[in-house]
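Q: So you can see what is in the structure, the chains are spelled out below.
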Amino acid sequence: MIQAPTFAVVGHPNKGKSSVVATLSQNDAIAIALEPGTTRKHQAYPLKVDGQTLYTLVDTPGFQRPRRVLEWLEAHSVSASDHADTVRAFVTQHQDDGRFTDECELLMPLIEGAGIIYVVDGSVPYSAEHEAEMTILRWTGRPSLALINSIGADDYSDTWQAALGQFFQVVRRFDAVRAPFEQHLGLLRAFGQLEPDWERPLEQATHYLSAQRQQRRQQAAALIARALEDMMSFQEKRTLTAGQAAGTSDGSLADQLRQDWYRHQRKREQTLRVDIEHLYQHQRIRRQEAELEWHSEHDLFSEDSRKAWAVSKRYLATAGFGAGAVSGAGIDALTFGSSLGTGALVGGLLGAAGSYFYGDRLALPALNIGVLRDGLKTATFGPVQDSQFGYVVLGRAVDHWWHISHRNHAGRELLDLEPADHHWLENLGKTSRQDIQRAFDKCRKQRPLDERQREKFTSAIERAMAVYDDWRLNRT
Amino acid sequence: MTDSPLRLLLEFDSQAQRDRSQPPTFLHRRDRKFALVCEEQGMAPDAARWLAHLNRLSGPRATPASTDRTLATWRRITAGFSAVGLIAGMLTMAGLLFYDGGQRINITVFLAFIVLHLVLALFTTLQSLTGWQPWRWLARRLGADPGHGMFSKLQPLLMARAAHLGGSAFATAGLITLLAMVVVQDLAFGWSTTLDTAAASYHGLISTVATPWAWAWPAAAPDLALVEATRFFRAGDPMANPDPALWGQWWPFVTMLWTIWVLLPRLILWSLAAVQTRQKARRLLASHPAMHALMYRMETPALDTGNSHHDADDLPDTSARSNLLPLPDSDILLCWAGAGEPELPDGLRSGKELVLRAGGSASLSDDDQTLNRISEHLKNRSKAVILLVRCWQPPTGELQDFLETARGTWPRGSRVALVPLAADSNQEPDAHQVQPWLRFAERVGSEFVQVSLPSFQMRDPYSAVGERP
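One line per chain: the protein sequences are R and V, in this order. Take the first sequence: its position 141, counted from the start at 1, is 141 in the working numbering, and no numbers get skipped. Position in the second sequence counted from 1, then plus 1000, gives you the working numbering.
Isolated chain V (complex conformation) (with noise of 0.2 angstroms):
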């Protein structure tokens, strides 16, 4: 008999186990596409194809240990109890059937022994079916109790089959050893009770144990002629009978009697046991938390809000600067973008001969046209140009642009002070958003672009904080 449904509950609590330490978001991605793949070939995605799928990802011998270890002690155990059977069913045969010629051999004790040994067999179907657990500590002792989890549900049924199949082994090593001592022995079976007790009524008795068999094998049910001859008393004369060929006759008799009531129930029982073992094991399956939370990620869909892409260890130089210069003498302020809108700050406009404006609404030929005014301006007098700009708008394409185009057209020697106004024109603007101008006339030139603040609040250059790189 195969171990498969108990094999795939151990398999899959086992993997359940070990998925605990799994982050949720891959046991997720993992098992709902195996659920695809299923539905994709048309198939249901079950436990035993769920294992089966990761056990062939993971390679040959994927089985884990604990598995086999569980299984192999339960086979060492049901392997013990068949072995301990053989012999004491061997033993106990050999007992009853202990015959030195002179006392016969009490068919009363084979039928006590009988019913003794039914009532244990149906006591062990019992506890196993109420889950009571007198023998634990011997598994535990043996290494097959793990204590807890979904498996030590299964092993009152456990037990009881590995018992079940012992008692078979008992009894069919009690029926050769019966039928070795038919062949090799004279065997004198008769019947004894202290009971006052008529042959009629023992001869009922006896017919009601042996109507299973009646019919098929007459000889194997002793008529009241062989049971009111074949009783002894203990104090009789041995020899009274007159035909010693009758005290064989039985043995038809204790050779089914054997087989039906010892045998047969347990081979049913056994087989009881082992059915409701796999039922168990595939209810417990069924019922296991993990098992539900597999159904789940399997029907959840995955998904994936797009955060494969990792660009955040790529940034731009972002080192803090503080190469900010003392605003330069000049009479030319430019307003770039609408920076001083509304209103200029007067000690940024005093003394200033042209005021002129260029990027933001103004067209490009606007911007060239103010650069060609500047450049005229320049030739004449100052040779620095205050450049204002919006510090919260970062510097652009189109400012540098400008810029290049103004170095290529000024008098050599001309140099722009970029001037970063805050929102509030008389505040100072915030180190941070001076740092991105900073870093913007290095990379144009310094040589031809510096970055001030407005004189009226010149700050130290030290003190500038930016941005962690």
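Extracted from the complex, chain R is given alone in its bound form (with noise of 0.2 angstroms):
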């Protein structure tokens, strides 16, 4: 059986190796720092299939000394032949000296077959020292491939590209941290053009990366499936005693359990998000501060989400009427807004929170408090009855989902949300509107659905997704 091939990435210190390894191995725990020396060690990051591996990129430390190291390969050598046998005693000689350990390190590989994977940063200009370490990968003899990462703002590729042409046989940009997914597959392809033997692993390994990602879609839309179903049916329940009843007064009662149950609800919409970013294998993204603050215009129930993500009455429209859910969600839409004035009494009980949370709008049918009966007083808060909040849960989370599967692993920056100025959803299929809507109809009557249901739900967010996924490669 033919050996799994192995790329080692190399290059100058802080130029982006670890992250050209943490975007491939979708590996967001690889050290990165703008600081020599954060890669002290080789280290390999092997693609296995089924235990089987199909390729091992190895992280190397940044050349340290070059120049050192070629003029003892020089030394060492008669002629072009011995090249790769004189860099080979080198490392023999020097594994234990400590000014060579990054070097040794990086050779290692290289000397045990590893292809080169050379890295430079095409945001700073080119300049010759390099070519020191240019010309000692060339004495390994193995075949090699230059790739032009950007760290900074400017872009000097195009020297770049001239200077790499000379040394290396294939030349290749690549924004580690920016790079889409389909760019990831093409490197992968082009590491595989390298060498005869390596076409075919990494072909296999293109073609199962794409599956693997294709399946992601469909785990996440049945994540977001869940969440929505646990989120449109929740109901948060009270039973107080006589005593405590009389204690309690309606109002605060219902703020009591309004909190809870916007509490609950924000519980709920983290988990997802977390579930969703293990998903896509992201096990450390910081957030920004204002998700965490949730008074402010992040929140799941500020004005500024309903904005962004509640449906137009339009959509609602189309989404109810096929259903033959005119009397439910249609109606609570058409509705909405004006159900303060309907609602107006349990309105007076909740209070003014502010007008900064449509929940409060959203929430007043959801109310329920019971007479004092056995001694017991039972209080509910929930299901929410308006599927707009559907509507502004699921549209938070594609999005979240969005920015989650097409952030690279390299990626340390804040994970940011900006929300949307357009509503997608308006170019969703008419059967998935309602295999949504039909979902949420279920919900908040709190009526579990059955299998299939949940797979028509599950699939028509799929599409959601993928038509969210249209609408932001469009509108860049």
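The hints are simulated quantities; they were obtained by calculation from the structure and are not laboratory data. Glycine residues also receive a C-beta, built at the ideal position from the N, C-alpha and C atoms. Please note that the accuracy of each hint is not assured.
Claimed, not checked - Label pairs and their calculated CB-CB ranges: (1) GLU418/R to TRP1137/V: 51 to 57 angstroms; (2) THR1073/V to ARG286/R: 27 to 33 angstroms; (3) ASP450/R to LEU1057/V: 27 to 33 angstroms; (4) LEU1138/V to ARG475/R: 56 to 62 angstroms; (5) TRP1137/V to THR239/R: 25 to 31 angstroms; (6) GLU1447/V to ALA211/R: 56 to 62 angstroms; (7) LYS1383/V to THR159/R: 35 to 41 angstroms; (8) ALA1423/V to ARG286/R: 28 to 34 angstroms; (9) TRP1137/V to LEU376/R: 22 to 28 angstroms; (10) GLY370/R to LEU1057/V: 45 to 51 angstroms; (11) ARG1381/V to ALA75/R: 35 to 41 angstroms; (12) THR239/R to GLN1279/V: 44 to 50 angstroms; (13) SER210/R to GLU1442/V: 45 to 51 angstroms.
Unchecked claim - Rough simulated footprint, nothing fancy, chain R against chain V, three-plus residues with beta-carbon under 8 angstroms: (14) 1212 to 1224; (15) 1357 to 1368.
Hints are included, so try docking the two chains, each in its own frame, into the full complex.
A: What follows is the structure, encoded as structure tokens:
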């Protein structure tokens, strides 16, 4: 059996070697810092399918003393035919030499047969001082590819491309932090072009990675569907004894219930977000502080969230009429905003938490304070009767999913979910709209979805995700 | 009879419910691994093996409590039906055979009861096949109706199975009671009807009913003479018949009537319900959405993109430094690795007696010569050397070697001021690009190396903003 190819990602310090490896291996737990010496040892990141390695990426420390290494090599070589052996001899001789630890670490995989992925930063000017390290790499005789990464905002990639072309078989541009997924696959295919034997495993790897991405989209849709089901049918319940009921006014009871209901819904949304992040192997995402600060425009119940994600009446009409739900969600939505009038009495109980919460409006019909019976009084809040809440949750979830699925694992910046400016769901097909609306209707009546309905709901959400993806791509 | 397909469906359903809270990647890894193990052992991975595999790993008594609970509830319901059937069977037969010595036991009543019973039995089967559940409230009260899920689709069949078992118990108890009564009592059977029916046509009816067993037990198929002799009228003289023994000759017919037309149909329908229950359980399992998902997970290769290694917490010290110092007076300018190319800023070049280059494309022996020249120069005049570096290139081991050699060879008290230059040398370098140089200077030894910014752009050292640790 042919041994799986190995690619050593090498280069000058701080040029984004670890970023390239992090993105391609979908590992956001690789140390990345703009400090030389962040990577101290070479580290292998194999891509395995059912435990069988298809290829291995090796992250390495950067060159620290290339001129000294080259001087040694030149001094110990007689002709071009002994270059590779001389490099091997260098490593053997200097393995325990503290000064050449980094060089030995990065040359080791190469003398063991790895292909070379040489990374440079295309956002800084080309300088001839890289030539020593490029010469050393050429001495190893391994197939090589140069990668122009971009760390900063400036672009000098043209000069780099010209200079690298003299040393490397293939030169590619690849922004480790921003490159879209298709480019990851393209780059892997380019790796496969370095040697005839490597083409097949890399082709297989790209095939599996594409399939995995497709599968993740389905799984994300199922996670979102489940969260929506939970959130749309959630009811906060409190049972008070006669004594407790006497000591609590209906107003404060309503307020307490509402706060608990809000808290639970926010928590459920956070759980969904973490689940989606973990699905895409993002374990360490730091969020905007505003995300944690609930009294902000990022809050699930804020007026801003409603504006960004609630759907139009026309949309609801097409989602509801076909579903035969005229009496249900359609009416709820059409009366949305005027429910303050019909629920004025309850509205008085809820008090003024500030007009900032659109949640106050949609939760009005959800409050139910029972009378004292058998010495017990039961008060409930939820499930929310207005399907707009579902659309807000759906919009936010799909938006978050999109950001996560397009985030590369080299990214270390905060996750910032800026609100959208146009309603994307308008492009969703009628059947999907109806499937979503039907599921919402069932949930708010606290009827469980059966497996078939759940399947339909999930695939409707998956289509909504595709619509959002299209909308995003066409927008920018 | 075992509940295995039922139990399998229940356990699978319950496992599917639990799996819903598991991360999809874990599920995929787990199930794909199981499929690969099966492939290795040459077995087809099916639901039963999969559950057995999961249960084995979870240790003994891994069966979910809900499965046992549901099955126990249905066992209780079935036992209840059987008990009621037994008692009702005895009482019904005792009632049908009630004989006080005056009135005959009417065969016509027997026939009518059996027809009624048959209709009820068929109705039970029919409603189970159509899925109609008029008794649903009862199941709910007994706690056997989960209301949703795959199992609820099996309820009509399970109920029919329980009802038919109850019916079989009823028929068996009736038969035993009948035989006991025949032995211990002198029963007088006869037939009677208000309708104007001739004995011959009644005999025709009886013969038709007795067709299934007439060939095997002729005594159980009454002949015309017996039918003619045992007709009685309520208003007639009870003792009109000359031979009282004839009244008793009906018992084999009654026994076979009960066995073939009550007990046997119930047993057949019960077996049918049992078979259908198992078949439906198998079908439901095969079409279970979680089964599709499981098969997909088993068939799709598990991909590990190489994210097992974690070292994000093992970062070098990147805390911000603020020890920028003013540019010292010096007449030596040393450009490291191409810094200051293509053009040196005037502010830096002015007043410099010695402008040298080292590092980068220069050879190591060139570097040594440069060191010597500076050493000579330092002996005479200034004590400081300005070392220009490119701020975007991080400090490397080569520069460190160079500085350490300098420290060893230059006169005591000499100092080096590292000056990072931006790509546009008239611009101030970014703070995050100066920080690695500050940390580098600290590592080499701050008594020898300091970091300064070009004098024409001196800035407040405390405003330096570095990366977050």
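Q: Are GLU1447/V and ALA211/R spaced within 56 to 62 angstroms by their CB atoms?
A: 60 angstroms, holds
Q: Take the C-beta atom of ASP450/R and the C-beta atom of LEU1057/V, compute their distance, and say whether it sits inside 27 to 33 angstroms.
A: For ASP450/R and LEU1057/V the Cβ distance comes to about 30 angstroms; the hint holds.
Q: SER210/R and GLU1442/V, beta-carbon distance inside 45 to 51 angstroms?
A: 48 angstroms, holds
Q: Count the residues of the stretch 1212 to 1224 of chain V with a beta-carbon closer than 8 angstroms to any beta-carbon of chain R: does the count reach three?
A: violated (count 0)
Q: Can the suggested window of 22 to 28 angstroms be confirmed for the beta-carbon pair TRP1137/V and LEU376/R?
A: About 26 angstroms separates the Cβ atoms of TRP1137/V and LEU376/R, which means 22 to 28 angstroms holds.
Q: Per the hint of 56 to 62 angstroms, is the separation of the Cβ atoms of LEU1138/V and ARG475/R within bounds?
A: Hint holds: Cβ distance 59 angstroms, inside 56 to 62 angstroms.
Q: Measuring from beta carbon to beta carbon, are TRP1137/V and THR239/R in 25 to 31 angstroms?
A: For TRP1137/V and THR239/R the Cβ distance comes to about 26 angstroms; the hint holds.
Q: Taking 35 to 41 angstroms as the stated bounds, is the beta-carbon spacing between ARG1381/V and ALA75/R within them?
A: Cβ of ARG1381/V to Cβ of ALA75/R: about 37 angstroms, so the range 35 to 41 angstroms holds.
Q: A range of 28 to 34 angstroms was offered for this pair. Does it hold for the Cβ distance of ALA1423/V and ARG286/R?
A: Check passed, 30 angstroms falls within 28 to 34 angstroms.
Q: Please verify the coverage claim for the stretch 1357 to 1368 of chain V: does it have three or more residues whose C-beta sits within 8 angstroms of some C-beta in chain R?
A: Per the Cβ count (5), the hint holds.
Q: Is the hinted range of 35 to 41 angstroms satisfied by the C-beta distance from LYS1383/V to THR159/R?
A: Once the Cβ atoms are compared, 39 angstroms apart, the range 35 to 41 angstroms for THR159/R and LYS1383/V holds.
Q: Just tell me: holds or violated, for the beta carbon distance of GLY370/R and LEU1057/V against 45 to 51 angstroms?
A: With Cβ atoms ~47 angstroms apart, the hint holds.
Violation of the numbered hints given earlier is confined to hints 2, 14; the remaining hints are satisfied by the structure.
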